[in-house]
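Peer 1: Protein chains in written order, with numbering that gives the first Met the number 0: chain A, 0 to 311; chain B, 0 to 560; chain C, 0 to 278.
The reader is advised that the hints may include incorrect statements.
To be verified - Label pairs and their calculated CB-CB ranges:
| hint | chain 1 | residue 1 | chain 2 | residue 2 | range |
| --- | --- | --- | --- | --- | --- |
| 1 | B | 559 | A | 110 | 37 to 43 angstroms |
| 2 | C | 23 | B | 68 | 43 to 49 angstroms |
| 3 | C | 167 | A | 114 | 42 to 48 angstroms |
| 4 | A | 167 | B | 542 | 42 to 48 angstroms |
| 5 | A | 134 | C | 102 | 49 to 55 angstroms |
| 6 | A | 77 | B | 496 | 39 to 45 angstroms |
| 7 | B | 183 | A | 24 | 47 to 53 angstroms |
| 8 | A | 13 | B | 230 | 41 to 47 angstroms |
| 9 | A | 167 | B | 356 | 42 to 48 angstroms |
Derived from the structure by calculation, the hints contain no laboratory data.
Cβ coordinates follow ideal geometry from the N, Cα and C atoms, glycine included.
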Amino acid sequence: MIALTVRQSAAPIVRRIGAMLLTLWFVLTLTFVLTFAIPTDPARAVAGPKATQEQLETIRLSLRLDEPMAVQYVRYLASAAVLDLGYSHSQRRPVSDILLERLPYTALLAVSAIMFQLIVGGALGLWAAVRSGGLFDKVVFVGALVVVALPQFWVGLVLLFVFGFKLGWFPLGGASLPEGLVLPALTLGLAGVAWTSRIVRATASEALASNIVLGLRGRGIAPRRIVLKHVVRLAAGPILSVLALDLGLLLGGAVLVEAVFGWPGMGNTAFQALQQKDLPLIMGSVIVGSIFVLVINALLDTARVYLDPRTR
Amino acid sequence: MIPGDHDKLPCALTLVAEVPMTRRQLMVGASALGLVGVSMVPGKGLAQSAIDPATIPGPAWAGGTMGGRAINVWGDTSVDFDPLLAYGRADYYNLSNFFRGLTFLSVGAEPQLDLAETLDISADGLVYTFTLRDGIMFHHGRKAVAEDFRWSIERAVSPEKASWVQGFMTSVAGYDAFLTGEAPGLVGLAAPDDRTFVITLAKPDARLLSILGIPPFYVLPRDEVERLGDEFLTHPVGTGPYRFLSYDSANSQMIAARYEDYIYRDYLPYLDEIELRWNVTADIQYLQVIREDADLSMGVPSSVVPDILADPALAERFTAQNSLDVNWWPLNVTRAPFNDIRVRQAVNLAFDRARSAIFGMNPTGHLFPPSLLGFSDTAPVYLHDPDRARALLAEAGVSDLELRIGIFGATSGQNVRIAQLIAQDLEAVGIRSVLEQRQESAYDVGSMLSEEYDMWNMGWGMGLPDPSELAASLFGTGGAANFGGYSNPAIDAKALEAIGMTDRAARAQAYSEIEAELLTEAPFLFLGVAQLNSLRSSRLQNFTYDSALWTYWDRYWVVDA
Amino acid sequence: MPRLFRPDIMVGCVIVGAFALCAVAPGLLAPHDPLQSLPDGLTAAGAPRPPGDGGFILGTDALGRDLLSRVIYGARVAVLMAVVPNLIALMVATLIALTAGYGRGWLEAVLMRMTESFLVLPLFLIAMAVIATFGSSTTTVVLTLAFVTWSYPARVLHGEVRRLATSLHVEAARSLGAGVMRITLRHILPHLTPLLVVYFTMNAAYMVMLEAGLAFLGFGVQPPTPSWGLMLADARDQFFRPWLIIVPGVSLALLCIGFSLFGNAAEQNSPFHGRRVML
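With the sequences and hints as input, model every part of the structure.
Peer 2: In structure tokens:
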């Protein structure tokens, strides 16, 4: 998207939206094919584990499961267009209600994780750049390497045990705010701290050594503010583009983190839906998640183009 | 119901199903259960009711303090509080907080009169006349009358609802016509006046009082059920000791408050509020209880039990109970190799089920739980004998066998571990196995199980503490949990006959014969019954557990130090 | 000429080499059968043994199996997942990038939209759904991993192919009458190779992590096959026995560090240094 959208931002906005819609259609189709293929007995899911075979037959007839795939596909597209995502049999309420309730939790988690990684990663990167070549710089480098290599769900388990149970500083799972948010956001954002710090370190070093800064310094302007402003401007572009790339991964990681901490976001919802073979809920989660990423990507791209003068 | 070894109850219980009871006999029965020393605790500014505490059913309570709140955590991912649709644990085992019925299952799954004040059984055992207590109120402020009971019970077994308890009232007069739709209602249920409710049977049924004591047969307010529709699932309205206060789907919690007009309000419940929390995985539940963030977990993983027992403070708040959660591994008898009885028996002989004891199983090798009628110590369970297993396999002419084994509900971990134990023991007698974890429950796959696997795991939490439920669901032809394809018409006939037997001893004999036959035929790999580990906080007092209804929250109280 | 004996590359070599050895010849290194519940594998109370207890260097697990042996055999799955799905994903990505970048027009637009849609999808969920549909055999897991990760390199590769396709070399070759195949093989692919190497090394760690995450939730390789992700899942309710959680986690981290060191070195020494091609 980087190479293409640079070109397209000069083109009319219509082309951009058209591309998004086409992508969306791909997403819908792929989701449909996939969930259509999942082997499940929806009648059993509706009737519950203790229903007899005759009871199941009755329900199966009432669910119209015998219609051909093409017909179901058209019906599926039509309802997606009006945002009717169906009815979840595992939670016994409309899918859109469930997702509307859960999406903010995932969004909150993602935003907190991103803020955490920007702030901590940025600070570490800056400091490493200022102390370039020193011990701190090396420590940050090695630290980044190690942190990225740690499995997220493992980090979550360890944090939960140490800070949740042993020290009792944070609740053991659940969604109480703000205490319940800390550990999951930390876990999710930890890997991001690594690459953010490296990008900031690289751009900060570049900035520090650049002619502009030297020139400004020469005019007696306070170095800290210059560096900060310049670094932010330089780093914003790459950070935003990697963030866009990372967003899909972040939300994917959210599934694991939410599962470990019992955070009631969309990741956990989708995972449970998969466990229960609740097809409408699975499809709805995938679609809404994709739309979310698509929209945020577009926004980030716009922001990046605006912030980074080099790509204009 | 025969009390098991671990139930220390007086023999007065055995009177229950044998002889038609008069009011006096029932009253005597209840107080013989040891409802001693009930302190007369006045309710909070409510009108004094004329209830004799000795007639309040359920386990004993004494000396508790009113007030406080407690938190109960569960691993379920969703809850449904309609008594007919509650299939999980967090919902099903909390129904008795919101709803009550004609009878109530006390310790030992003993049915006692609850909302019915007296019971008269006709001499031929076919007509049960209940006189309801005075002043039974629904949470929304209406008085409960006999017609409500009639409607609720009819709803429970109606063909439209197609619920799992539908088959429990086959003995009631007019059931067949009701089931096929010929009759609009169940004629065997009648409410001649507001306080009289009559059940007329077509043939004797020893289980009726037990059946009425399980939550699906508790009384519901028709007006509220119809008004709330789907919302009723998360907004229960009944006659129970607690009434619904709030439901938070995002945080997976429900709060219930003491019901001020509860029928036994002068005495119970103790707590002002109880909070139910689900979506708390088992590996977190016991940690929350240890930290006193929660008061009760009934899902302590067996892997941490040694550590809990090693800490004396924790050990005294820990209990391991036998549940009515039957666990067995159905064998696919519809095709090779398990269509050969020798292979089936070989598998049972090869597996050393005692090894599964560390994984939360009480490996009795029976199908029936130890506390169930029909459980017999002399049943021909399989002993670990790999040599004989190999001999049988050779006799059956099978070699180079590879089995596909499905592990359902794999998130629990215990099933996965037990499956690996089975695989190891099968390997030792020359049978290879390929395991496959499936996150869903076997019931979701249903009839497709016999197409995909040779063997898989099943658990069945008995709702009705009576062997007829197992007969109907597990090994009866076409049973709700019988996916392995086992069918034995002789057993079906015997089980049907046993429902009508009123002589307790004869009934026990019939069922133990059935189990012996099943053991010999070996359509399953017999395992046992799941161990239930519970841990409570130091605040929670008077914790009592029973296998049918699990908890009795109306008579627990808390002390805050 | 890149310096091959820098400390970080050396460390990376040693780590990956050690695990590769475990993967190739686990029988030589492991003291016990990883599938066997050993007779003294559990304490008297039926609990796993801590490291050092009873002669088990890393202790035992809930079924009384030697943890060290399971870690060594677990390297098999890890290294397999680091290599095979990685190669498949890169092959698919290259194919699509070549077709799109060289084909142009509507074909390019369609393929790029498809690539983008994969990038937008919650890939972890898709992976789980695919495995739920097609079963969890090793083959399925490998193919699924490739299926959900090919789109990342495809995008940048496509950009590269397009750049190369319009370069002077290719123009010249085409004017001399060279066919598509020849141009692709002689002029485009060789220039893609450094990028592919970078992606391979950087993806390796990600693949291992992805499989571990799937296995943790039950969607990876099946028991009793030793897989580090499975071992972590098994350890979830064993907080009082931290070695069961630490050992597989550290193994995963070590392997990923090893691959990352390689990947870093590869990236720094490639013509693409600084272009943020990292995953």
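Peer 1: It remains to establish, for every hint, whether it holds in the given structure.
Peer 2: The hints, checked one at a time:
For the pair residue 559 of chain B and residue 110 of chain A, the supplied restraint of 37 to 43 angstroms holds, since their beta-carbon distance comes to about 38 angstroms. Look at residue 23 of chain C against residue 68 of chain B: about 60 angstroms separates their beta carbons, and that is not inside 43 to 49 angstroms. Between residue 167 of chain C and residue 114 of chain A, the C-beta spacing of about 47 angstroms keeps the proposed range 42 to 48 angstroms intact. Range check, residue 167 of chain A to residue 542 of chain B: Cβ separation about 24 angstroms, and the 42 to 48 angstroms hint is violated.
Look at residue 134 of chain A against residue 102 of chain C: about 52 angstroms separates their beta carbons, and that is inside 49 to 55 angstroms. The hinted window of 39 to 45 angstroms between residue 77 of chain A and residue 496 of chain B is violated, with their beta carbons roughly 56 angstroms apart. At about 51 angstroms, the CB distance of residue 183 of chain B to residue 24 of chain A agrees with the hint of 47 to 53 angstroms. Restraint check, residue 13 of chain A to residue 230 of chain B: a C-beta distance of roughly 45 angstroms satisfies the suggested window 41 to 47 angstroms.
At roughly 33 angstroms, the beta-carbon separation of residue 167 of chain A and residue 356 of chain B lies outside the given 42 to 48 angstroms, and the hint is violated.
In this structure, the earlier hints numbered 2, 4, 6 and 9 are contradicted, and the remaining ones agree with it.
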